[in-house]
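Here is what each chain is made of, one letter per residue.
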Amino acid sequence: MDIVNLGVGILFDGVAYGMVLYVIAVGLSVTMGLLGIANLAHGVFAMAGGYVALSLMNNAGAPFWVALVASFVAVALFSIVLERLLYRHLYDAGELEQTLLSIGLIFVATAVAHFVFGPLPQRVDIPHAISGQLTFFGETFPTYRAFLIVVGFVLFVGLWLGLDRTMIGARIRAAVDNRSMAQCLGIDTNLLFMLVFAFGSGLAALGGSLGADIIAIAPGYAMEQLVYFLIVVAVGGLGTIRGPFVAALLLGLGDTACKMLVPQFGAFFVYAAVLVVLLLKPAGLFGKA
Amino acid sequence: MPALETKGLNRRFGALEVAGDINFRMEAGARRALIGPNGAGKTTFVNLLTGQVKPSSGRIFLDGSDITGLSPDQRVQRGIARTFQLNTLLKGLTVLENVQLPILEHRKEGGLVLSGVRAQDRAAEAAYDLLERLRLHDDALRRVSELPYGRQRLVEVAVALALEPAVLVLDEPAAGVPPADSHRMMDLIDGLPSSIAVLIIEHDMKLVFRFAREITVLVAGRILTEGPPDVIAHDPQVRDVYLGHRKHG
Amino acid sequence: MQGRAHTLAVMRATRRLRVIELLPWLILIGTYFLLPSYLPLATQIIVMILFALSLDLLLGYTGVVTLGHAAYYGVGAYTAGILAVSHWSEPISGLLAATVMAGIVGLVTGYIILRTKGLTLLMLGMAVTLLLEALANHFNSITGGADGLQGIMMPPLLGRFEFDLYGKVGYVYAAVVLFLAWLVCRRLLLAPFGRSLVGIRENPLRMAAIGVPVSRRKLIIFTVAAALAGLAGALSAQTNQFVSLNSLSFELSGTVLVVLVLGGAGRLYGAFIGAPIYMIAQDTLAKSSPTFWLFWLGLILIGIVMFSRGGVLGLVDLLQRQLKERFGRNAAKIGEAL
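Residue numbers (the numbering used here), protein chains in the order written: chain A, 1 to 289; chain B, 1 to 249; chain C, 1 to 338.
No lab work stands behind these hints: they were computed from the structure. Built from N, CA and C at the ideal position, the CB exists for glycine as well. There may be inaccurate statements among the hints.
[Unchecked claim] Derived, one-sided and incomplete: chain C residues facing chain B with beta-carbon distance under 10 Å:
(1) 7
(2) 15
(3) 24
(4) 181
(5) 195
(6) 196
(7) 199
(8) 215
[Said to hold, decoys possible] List time: in silico DMTMM-like cross-link candidates among lysine to aspartate or glutamate, alpha-carbon distance up to 20 Å:
(9) B:91 with A:92
(10) C:168 with C:90
(11) B:91 with C:202
(12) C:117 with A:95
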């Protein structure tokens, strides 16, 4: 019975964690596939979203939903500013330049967060409506985790349908495939990319806010969580929507299992698994070779 | 023993066939031109020959030995060299350095077993002599990025020649060369060693008819016909293919 | 014929040792005599120069952008440290063993890492580092875990020179190691092998088309770079007589990248310029406020990317060009001779 309990716990927490990772990382995957930019600073958007939402909730007493929307919008706008000022100049630059820029942004953001909010993780108060426990088949689960799972799943389906079934989705897919051709067809790729970048960054902010219960919002967030976001994107396959979903689930489950079953090894087995997967499939599970 | 041969060479991308059942032969010392309308698959064929693309089926033989499974650098070591449609020279290096590098690699002196300074000097000498033969030696110490594009195209051929290949494939060597310089390219191609088998992809018919002793016509990934220039020039099928399908509405 | 002789002479001249290349060594020697109280810091700078030099081979010349180079530094550091703690006395053989160990780890992980590119490659480098860090943390009975590996007692170098408290012997030891490594690197990079690395960075397709086995060569340089990083780590372990988990951190990978880019990557001497600037700045500024330091470091990085990609050496180039335009060819000739 105890093993079942443990197993269910790992499953539930793992999937919830995976969903948070997905919401944050899917924007990175699309941006990477679309713009070809290695934006390691993506975690900064998630962190910023978390800080904005939690500040609004803790200091201004704003309702949960308002805080979420506000963090999405604020960070999306902020990302547009960054894109115009900095990223735009690096579209043709080498990988090294993009990496350096991202690292520089991470450093600056970490320092600012430390200065403004202090070194401790932010307090998270889950709204009453979705806190507490649910009971299914004799097992109890935290309601919030269930909520996260639902949100992640809905987002995944929404993105999938959105890309597949809508005009704007078609335009995005065209632009990813062949930018100059898309321009010839009258698609304003500059605007499109900016919008997608903003949307992806907003999603990261949303993920950061929603996931603040699982991944604490603290100044070191962007640097510490970076490898997880990258794993999701690289193992999933750059530029896809489905790939990161599967990868995020696997990573969430794997990491949670490791933490509960072999904590003395840290995330060793997770990293080892990543190496094995990429040894066999260098382009990721769903990536194009 | 033909210098270069393919048997049943095939390449598909899903349902799209870019190379279909190509049986191609070229003898040592040949002067062959590969022509065909845009999109016929000429560059794909060359990529198959030199290894940048793997065939879906079929075999490629270089001087009798099967090179189908070899990587591009391995094929170069076996004796087939090429130029590219768009220049691929190392822009920051000088012309001489660009030619010295393949000579060192060809002599197996580019690896971790560090070649002595004497080997480097010998390679520099050989590079200079090659440039002199091609009348490019005046530019030897200039950076490639400083040269006009037409001159760069000539250096691109020199780099391929530096590998002392048995088979040389030139992918649209005259492309992008301004008319004023194109005679230099033609002279260079005229002066290629007679022992090498040379395959040229070209659209410039002047160059094709001046250079080729035999022409292969490629259409939609398949060989339409082959023959000496005057036969090809009067072939009604070939004319159809080039003038388009206006007759068929 | 005159054109030929002249051209070949110019080619040979590119290999010549230039006067300015002696400068770092003069400064190193000078420091020993003029700044004896700073020798421990200077030793750390030497270690960082070596570390950044190893990264330059991989990143500056071959163009492999990695955030996982600390892994090999750490392997070298812990190998040397553990050997010393286990009473494998001799420093130099310990150094060599650590270098070989780092090279082996580099070979194995490099094989996996180099099959990928871009973001994936970047991530894999990080994953390897984190994996090793997790291992070191777990086996803390051997590595000392989060407290670090302590109690490293270094016996006298070559049986005669005691590692003294002022760090004199350590300094000379490190300087000699750096000198030898520099000789090797310089030879490697000025040889056709080094040229082919630049070619691989700029145009791998072209290099394959002239018969270069690109993947194999990348793996070779990856292994050499890993081994040299291990050498730096081992040197650090032996001169500091302490190894911390920081040797295996993502932070350290980032630091060495910053150091190299600051000086200028792909120029052999970027490491020699970036390391002193970074370490001295960090030593003075970071103590008062680490947050402040991080902020400005990030800003400087962004500045480098936006304005001067070549780091300090890039700025020097720019200056040289400006001088050439202003003062004509004579000044430029002097500059080139230097």
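Ascending list of hint numbers which this structure does not respect:
3 and 4
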